[in-house]
Amino acid sequence: MKQDKKDIFTKLMEDKKAIIDSIRNGVSTEAIEKERNVKFVTPV
Amino acid sequence: MSSSLHPYRYWIEDDKYLFRTPSGALYVAYFLDLSSLAENLFTFNFDRVSMGDKGVVDTQVCDTVCTILASFFKEHINSILIVCDSADGREKARMRLFNAWFDRIAPEGLIKVDRTGRTSSYELFVSILLWQDNPAKEQLKALLEDYCNMVT
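Chains A and B, in that order, are what the protein sequence lines are.
Residue 1 is where the first sequence starts when you use our numbering, and the numbers rise one by one after that.
Residue 1001 is where the second sequence starts when you use our numbering, and the numbers rise one by one after that.
Treat the hints as calculated values from the structure; they're not laboratory data.
Do not rely on the hints blindly, as some may be mistaken.
Claimed, not checked - Straight-line distance between alpha carbons at most 25 Å, and here's what the computed DSS-like set of lysine-lysine pairs gives:
hint, chain 1, residue 1, chain 2, residue 2
1, A, K17, B, K1112
2, A, K11, B, K1137
3, A, K16, B, K1112
4, A, K11, B, K1141
As the structure is a prediction and not an experimental result, all values here were calculated from the model.
With the hints as constraints, model all of the structure from the sequences given.
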């Protein structure tokens, strides 16, 4: 498996808890996106 | 999706979906873009942000989450990767709950592919939800295998 894909998978697990903790602490979406290098979307 | 759902009113705030139960609990649901792995692939999570009255079992939480997912899957090219890990010891319960919800609300043609794995630290439960007619179905299923092989 390409290293970049492996990194994405590993990060997916790490992000999950970190993101909900940040949300509970009132961190803004923009700040979470920058801190975790993720992109929130609202497809519905 | 079932018309018997009775969701709470939810609103979008800061690119997240929020809803509050009568007991005062606040829930958040969100999608993250995973287009780096596959087009129109997202991950979905939801959790309670703040507690309400203790001991209140609220089935409408399920209905609300299902309503959000139902809207998402109106687009047949959309798919979701869900990861439940055992970091907090509640992964099996989460997967059982999620499976029960899927069995209840999934329309014909929407499929869920499940895989489990184990690392030295925890168990991993991974699912991908997609429509049977998703043109990227085989690619997405292969992605799921890659994911589990990577961590086990």
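Cross-check of the supplied hints:
1. Straight-line distance between C-alpha atoms of K17(A) and K1112(B) comes to about 23 Å, which keeps the hinted pair within the 25 Å bound.
2. Our distance criterion of 25 Å between C-alpha atoms is met by K11(A) and K1137(B), whose separation comes to about 23 Å.
3. A C-alpha spacing of about 20 Å is found between K16(A) and K1112(B), which places the hinted pair at or below 25 Å, so the restraint holds.
4. A C-alpha spacing of about 20 Å is found between K11(A) and K1141(B), which places the hinted pair at or below 25 Å, so the restraint holds.
Checked against the numbered hints given earlier, this structure breaks none of them.
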